[in-house]
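Colleague: Listed here are the chains, written in short residue letters.
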Amino acid sequence: MAVHTFAQLKASISAAEPQTLTLLLAELDKMIDEKNAAAAATKLKTDSRTAITARDKLPPLPASEESKYQILYKDTVNELLRSTPVTTSLNRLIKKFRLLSTKYDLTVQVDQLRDKIDNHSRLDRSDPDTYDDVMADLEQMTESVNLNRLRVLSGLG
Amino acid sequence: MSDIKPGDFTQHLIDTTVNEGWFGFGKPKLVSVADLALTFTTETGLSMTDETLDAITKFTKTTDRNAKVLTPEHVAKLKPTFAREYINIFLNSIETLTDAEFNDLRMAIANTLGVP
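Those protein sequence lines, which keep their order, are chains A and B. Note that the first sequence covers residues 1168 to 1324 in this note's numbering. Note that the second sequence covers residues 3 to 118 in this note's numbering.
Just so you know, these hints were derived from the structure itself, not from any lab. Just to be clear, a hint being listed does not mean it is correct.
Taking beta-carbon pairs under 10 Å as the criterion, some of the chain A residues facing chain B (in silico) [stated by the list, open to error]:
1. 1171
2. 1207
3. 1209
With the C-beta cut set under 7 Å, the calculated list includes, among others, these residues of chain B facing chain A [said to hold, decoys possible]:
4. 45
5. 47
6. 49
7. 88
8. 92
9. 93
10. 95
11. 98
12. 99
13. 101
14. 111
As a list, the in silico DSS-like pairs of lysine-lysine whose alpha-carbon atoms are at most 25 Å apart [claimed, not checked]:
15. A:1177 / B:63
16. B:31 / B:81
17. B:70 / B:31
18. A:1177 / A:1197
19. B:81 / A:1197
20. B:81 / B:63
Ideal Cβ placement from N, Cα and C applies to all residues, glycine included.
All chains should be built: construct the whole structure from the sequences, respecting the hints.
Modeller: Following this line, the structure appears as structure tokens:
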């Protein structure tokens, strides 16, 4: 297909019908949207790659530190279970956990915590919040805790 | 560009085939695919693609682009084809432009339509 110059294209506009121009404008705007979306995706990819590179460059956690986190995790869960009244709902439990994890700047293991909550017979399952919502909330919160820890380790915190 | 009013190149393709003033009886004029291509270029300054010209030639049921076989009704039916062709030529060429030229063209189109 022949390629036309900017000057030719600009001059042609006055000859085109409004309906045709309306369609053309929609196509151009679509191109702009696609270009913006592609740029955003590229930026996200670059940012992710930078974040991964930064994470990979972090020194390994010393064994003593790792152990410290494990102990903190255990302590937190234990403290949580010990202090949870019989009728505590899942929602309240999560809120409480959030406070504790912030206090310890803790890396939690979500699956383990999920098991703990699942096995916690004292929980009131009639809470209006669904279990899945609570779990999603928990995972989001864990992500946040992990990020905080990463920041501290990388000296950015 | 001819002296027809702006913003009507596809209509002009039809107008050129409507009447050749044969004793005032309005005898329809027949045009060829080559005539249409020439009018399109005269009006828009752009060249129709071979693919489109082939498709229109096929529509005339001949293989001769110079055969004057298109009636006004035929040309009217082809109106959407011309509009689509205009858009395709534009979009194909736009990839070679700078961002500033692209924005300039978009603004020129929007201004012509009176939209932001």
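Colleague: Holds or violated: is the Cβ of residue 98 of chain B closer than 7 Å to a Cβ in chain A?
Modeller: holds (6 Å)
Colleague: Would the hint on residue 93 of chain B be counted as holding, given a Cβ-Cβ threshold of 7 Å to chain A?
Modeller: Result: holds, 6 Å to nearest chain A Cβ.
Colleague: A closest beta-carbon separation below 7 Å is what the hint needs, so does residue 88 of chain B meet it against chain A?
Modeller: The hint holds - residue 88 of chain B has a Cβ within 7 Å of chain A, the shortest such distance being about 6 Å.
Colleague: Has the given pair, residue 1177 of chain A with residue 1197 of chain A, been kept, meaning a C-alpha gap of at most 25 Å?
Modeller: Judged against 25 Å, a Cα distance of about 19 Å means the pair holds.
Colleague: Minimum Cβ distance from residue 99 of chain B to chain A below 7 Å?
Modeller: holds (6 Å)
Colleague: Holds or violated: residue 1177 of chain A and residue 63 of chain B, Cα atoms, limit 25 Å.
Modeller: Cα-Cα ~35 Å, so violated.
Colleague: Hey, residue 81 of chain B versus residue 63 of chain B, does the alpha-carbon distance stay inside 25 Å?
Modeller: Holds: residue 81 of chain B and residue 63 of chain B sit about 18 Å apart, inside 25 Å.
Colleague: Holds or violated: residue 92 of chain B as interface residue toward chain A, Cβ cutoff 7 Å?
Modeller: For residue 92 of chain B, the interface hint holds, since the closest Cβ of chain A sits about 6 Å away, which is under 7 Å.
Colleague: Has the given pair, residue 81 of chain B with residue 1197 of chain A, been kept, meaning a C-alpha gap of at most 25 Å?
Modeller: holds (24 Å)
Colleague: Does the interface hint hold: is residue 47 of chain B within less than 7 Å of chain A, judged Cβ to Cβ?
Modeller: holds (5 Å)
Colleague: For the restraint on residue 1209 of chain A, tell me whether the closest CB of chain B is nearer than 10 Å.
Modeller: Hint on residue 1209 of chain A: violated, closest Cβ of chain B at ~16 Å, above 10 Å.
Colleague: Regarding the hint that residue 1171 of chain A lies at the interface with chain B, is the smallest CB-CB distance below 10 Å?
Modeller: holds (4 Å)
Hint violations for this structure: numbers 2, 3, 13, 15, all remaining hints satisfied.
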